[in-house]
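A.B. asks: Sequence:
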Amino acid sequence: MASRILTRPLFAPQLASPLRRAAATQIRTSADAYELLVAQRKNRPIAPHLSIYQPQLTWYSSAANRITGVTLSGLIYLYFMGYAAGLPLDSATVAASFGAFPYGVKLLTKFGLAAPFTYHSWNSCRHLVWDTGRMLDLKNYYRSGYAMLAVTAATTLWLVYV
9 MASRILTRPL FAPQLASPLR RAAATQIRTS ADAYELLVAQ RKNRPIAPHL
59 SIYQPQLTWY SSAANRITGV TLSGLIYLYF MGYAAGLPLD SATVAASFGA
109 FPYGVKLLTK FGLAAPFTYH SWNSCRHLVW DTGRMLDLKN YYRSGYAMLA
159 VTAATTLWLV YV
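My numbering numbers the first residue of the sequence shown as 9 and each following residue consecutively.
There's no promise every hint is true.
[As the list claims (entries may be wrong)] Estimated spans, in silico, between C-beta atoms of each pair:
{"#": "1", "residue 1": "Leu136", "residue 2": "Trp166", "range": "18 to 24 Å"}
{"#": "2", "residue 1": "Leu86", "residue 2": "Ala162", "range": "43 to 49 Å"}
{"#": "3", "residue 1": "Trp67", "residue 2": "Ser129", "range": "16 to 22 Å"}
{"#": "4", "residue 1": "Pro53", "residue 2": "Ala104", "range": "51 to 57 Å"}
{"#": "5", "residue 1": "Ala161", "residue 2": "His135", "range": "15 to 21 Å"}
{"#": "6", "residue 1": "Leu136", "residue 2": "Leu83", "range": "19 to 25 Å"}
{"#": "7", "residue 1": "Trp138", "residue 2": "Ala162", "range": "34 to 40 Å"}
{"#": "8", "residue 1": "Leu86", "residue 2": "Gln34", "range": "51 to 57 Å"}
{"#": "9", "residue 1": "Gln34", "residue 2": "Leu83", "range": "31 to 37 Å"}
For the record, the hints were derived by calculation from the structure and aren't laboratory data.
For glycine and all other residues, C-beta sits at the position ideal for the given N, C-alpha and C.
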């Protein structure tokens, strides 16, 4: 049999219904279109995920872990950039400066450094446990979360007062 010549496409598009209505449009200038866009944006929610979900330990701990990680990394970068720039940040100068602080300022400084450090460290240990495939159900997530908060509080207080 000779090759067949197709007279119509293999996948022919569906023909539109003969009863079509034309869409009503208005010719607008670009300034009018921009004003319409601005008016529509005022009615849109900014971040609906923050307002429709009940706050939970799961997303609070995730956000706090990221924030403490960024904070600690930023402090380390600032310290070494200052050291490289020639600021007097050697250990003897830092210890002498810290020793001159009033007692309340010392406690606040130590707490400000110890709290994110201990939180991020203990939460990282919890993540390492999860990487082994353990404690991945919701019950153990909350159990380990509250235990991590308790250990964080205890080690933060120990670092502040020692």
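A.B. asks: Tell me the numbers of any earlier hints that the structure contravenes, in ascending order.
C.D. replies: 2, 7, 9
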